[in-house]
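With the sequences and hints as input, model every part of the structure.
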Amino acid sequence: MTTTLSTCPATISTELRHQLRLQLTSEHSMNVTEADRIITDTISFLTVCAASPHRQFRPSRQVDLGWHQFILNTHDYAEFCDRLAGRFIHHVPDEFAAPVRRATAGVLDPTVEAIKTAGLPFHPELWVTGDGSCSQCHAGCTNCGQGGGDPS
480 MTTTLSTCPA TISTELRHQL RLQLTSEHSM NVTEADRIIT DTISFLTVCA ASPHRQFRPS
540 RQVDLGWHQF ILNTHDYAEF CDRLAGRFIH HVPDEFAAPV RRATAGVLDP TVEAIKTAGL
600 PFHPELWVTG DGSCSQCHAG CTNCGQGGGD PS
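According to this note's numbering, the sequence shown is numbered sequentially starting from 480.
Some clues are possibly wrong.
[Stated by the list, open to error] Under the rule of at most 25 Å between Cα atoms (straight-line distance), these lysine to any residue pairs were calculated in the SDA-like manner:
(1) Lys595 to Glu506
(2) Lys595 to Arg540
(3) Lys595 to Gly585
I should point out that these hints are in silico values taken from the structure, not numbers from a laboratory. In this text the structure is predicted, and so the values were computed from the model without any measurement.
Put into structure tokens, the structure is as follows:
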């Protein structure tokens, strides 16, 4: 299945959005507005992953929280991936790599550019890290099932 951004059904039900919002606010001490923005940008992130399966995109730290929360709702996540991409969009942590801190200059740019180019909902404040380090805990943990190797 080839996904195009103009035809992909990148939506979730109101009930699922409410469930994810409740989980994020209770488990990560955030307000409803922040949780809702994270859900929106997680869907945008997964949409570009689905539309460009041979590219490697990276979520920001906050979008990764949304992705993790969505994955924990396995039936809903699997159905969404199947509908959006015709396949499961894997989150592939590099279990054998020691945690590293990498400069973020440019690391999230391809993802942000793809989301913006596609005209998908985007909240810039979710894609900025204030400490100059990588937004992820392990090298490679942002590989959304679309190839391997170091994206930098």
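Cross-check of the supplied hints:
| no. | hint | result |
| --- | --- | --- |
| 1 | Lys595 to Glu506 | violated (29 Å) |
| 2 | Lys595 to Arg540 | holds (18 Å) |
| 3 | Lys595 to Gly585 | holds (15 Å) |
Comparing the model with each numbered hint stated earlier shows that hint 1 is the single one that does not hold.
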